[in-house]
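Asks: Sequence:
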Amino acid sequence: MATAIMAKAASSWGALTTASPSTKALSSAHNLSPAMNFKTAPLSRSRGRRNSAVIASATDGASATRAAKLVNGRVQDGPDLSVEVNGLQLPNPFVIASGPPGTNYVVMKKAFDEGWGGVICKTLSLDSSKVVNVTPRYAKLRAPHSRDVIGWQNIELISDRPFEVMLAELKQLKAEYPDRVLIASIMEEFNKDAWEEIIGRCEEVGVDAFEINFSCPHGMPERRMGMAMGQDCELLHEVCGWINEASSIPVWAKMTPNITDITQPARVALEAGCEGVSAINTITSVMEVNLKTLRPEPCVEGYTTPGGYSSKAVRPIALAHVMKIARMEAERFPGQGKSLSGIGGVETGENAAEFILLGADTVQVCTGVMLHGYGLVKTLCGGLQAFMEQHGFTSISDFKGHSLQYFTTHTDLVRRQREAVEQRNAARRGLASDKEWTGDGFVQETETMVSN
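All residue numbers in the sequence shown are consecutive under our numbering, ending with 537.
Take these hints with a grain of salt, some might be off.
To be verified - The list that follows gives simulated cross-link-like pairs (lysine to any residue, SDA-like), each with its CA atoms no further than 20 Å apart:
#, residue 1, residue 2
1, LYS256, VAL290
2, LYS277, HIS322
3, LYS215, LYS256
4, LYS154, ASP264
5, LYS195, VAL156
6, LYS215, ALA279
7, LYS277, ASN189
8, LYS154, GLY458
9, LYS194, VAL385
10, LYS225, ILE402
11, LYS256, VAL234
12, LYS194, GLU281
13, LYS225, LYS409
14, LYS215, ARG246
15, LYS225, PRO381
16, LYS194, GLY460
17, LYS194, VAL250
18, LYS409, THR345
19, LYS195, GLY285
20, LYS215, VAL385
21, LYS195, ALA260
22, LYS409, HIS457
23, LYS215, VAL371
24, LYS256, VAL191
25, LYS194, VAL156
26, LYS225, VAL371
27, LYS377, PRO229
28, LYS409, GLN316
29, LYS259, VAL290
30, LYS277, ARG309
31, LYS194, ALA279
32, LYS225, GLY477
33, LYS409, TYR491
Unchecked claim - If you anchor each label on the Cβ, the simulated ranges turn out as follows:
#, residue 1, residue 2, range
34, ASP245, GLU319, 29 to 35 Å
35, ARG286, THR369, 29 to 35 Å
36, VAL535, ARG503, 56 to 62 Å
37, VAL217, GLU330, 29 to 35 Å
38, VAL528, ASP346, 55 to 61 Å
39, ARG417, GLU169, 20 to 26 Å
40, VAL217, PHE492, 42 to 48 Å
What the hints contain is simulated information worked out from the structure, not anything from laboratory work.
Just so you know, these numbers come straight off a predicted model, no measurement behind them.
Yeah, the Cβ is synthetic: ideal placement off N, Cα and C, and Gly gets one too.
All chains, full assembly: derive it from the sequences and hints.
Replies: As structure tokens, then:
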């Protein structure tokens, strides 16, 4: 944590002054020119031997995924999965996202024991007495003719546990796992004193970083918290300013997808001193209306409220938002080490690879753990290593942001396709004059002038 604190103090904006090689490569990601500076690894499989087990994937019955052997979260062989983000050292890029999987000491300890690279606790506030959850509060969307869960809705609020109790548990976790990354997710109302208090008290127990919940889509916006702040850039800038003045450790702002342009609040948060952003939180949704009872789900005493949508079905939306933020960071904050944590429907190592290819430094998982358990991290690591070996990558930085170079405008797509068609047609038009005939290529030259 000391490295992260020094990095925070290095600038009034809290930005790192030195970028990793992969971050430097991303600095040209906004350029639509085909000549972009991205590292490309050879498409060859690593010859290194592995001892990792091969098991049936809990998330994809059609394939098998190996489970990596993890010791304190670090893989014991194969490609290196460790990452450094805003001065924080993570043994692998997989982080427990804020939510039920980080709701108390027992479950967070389980996450560290299973090997997660980092843990973000369920969002805390100073006065938990205002937080009252209901049951049922979840609903599932299943694939047609299948029990496979593709969508998940929740109407769950932030932590309803006393703040002092959560602080004691965070302190205990840091005492038992001093070298692991523990991040406090926090949320408060529009009150500078409250933000300063919650930051100071969390830092006292030794957390490594903050994630600010500007994105919870249900319940909390009724109190001008969560998504209500994340959708108001003027309010967001002021609150982020308070937070970064008070904090001596890295700060990530968690973005809401329930907005027209996610890059606007992300840019504002970074300009106000946040070291990074996380994206995305859940999408406002109504899971279904029960056609027998005519009541919406999840149904609480006959009623419901719109909730947050997650799981596999949101991944394409999350990828689009992550791509946009990564390009914005590269254009607006080149070389400043601003980070990006990708969230949304990750259940396999291959899913995670997509987020990293689009610029994510870390990948968070919440619903996946609720569906498959904390041991999922082993197959996430194994699957990511398998992808890396397929392409000859030896570290995360080898391919972080690589696929950003292939995004462009629709106008440019039309131009590229027109030029490609013209080149193919020119190749089929054959010889311009009789002097171009050759003996060795006679048959092929004839074929270039055949019309059917």
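Asks: Tell me if the beta carbons of ARG417 and GLU169 are separated by a distance inside 20 to 26 Å.
Replies: holds, 22 Å
Asks: LYS409 and HIS457 were given as a pair; does the straight-line alpha-carbon distance stay at or below 20 Å?
Replies: Since the Cα atoms of LYS409 and HIS457 sit roughly 30 Å apart, the hinted pair is violated (cutoff 20 Å).
Asks: Is the hinted range of 42 to 48 Å satisfied by the C-beta distance from VAL217 to PHE492?
Replies: Cβ of VAL217 to Cβ of PHE492: about 44 Å, so the range 42 to 48 Å holds.
Asks: Regarding the pair LYS215 and ALA279, is the alpha-carbon distance no greater than 20 Å?
Replies: Status holds; Cα separation ~15 Å.
Asks: Is the hinted pair LYS256 and VAL234 satisfied, with a Cα-Cα distance of at most 20 Å?
Replies: violated, 36 Å
Asks: Take a quick look at whether LYS194 and VAL385 sit within 20 Å of each other, Cα to Cα.
Replies: violated, 32 Å
Asks: Does the structure keep LYS377 and PRO229 at a Cα separation of 20 Å or less?
Replies: Distance of about 19 Å is within 20 Å: holds.
Asks: Hinted pair, alpha-carbon criterion (20 Å max): LYS277, ASN189. Please report holds or violated.
Replies: violated, 27 Å
Asks: Can you confirm whether the C-alpha distance between LYS225 and VAL371 stays at or below 20 Å?
Replies: Holds: LYS225 and VAL371 sit about 11 Å apart, inside 20 Å.
Asks: Mind checking the alpha carbons of LYS409 and THR345 for me, to see if they're no more than 20 Å apart?
Replies: Measuring from Cα to Cα gives roughly 12 Å; hence the hint holds.
Asks: Taking only the CA atoms, is the gap from LYS225 to PRO381 under or equal to 20 Å?
Replies: The hint holds at about 13 Å.
Asks: Holds or violated: LYS277 with ARG309, Cα cutoff 20 Å?
Replies: holds, 14 Å
Checked against the numbered hints listed earlier, the structure breaks hints 3, 7, 9, 11, 12, 13, 19, 22, 23, 31, 32 and 36; every other hint is satisfied.
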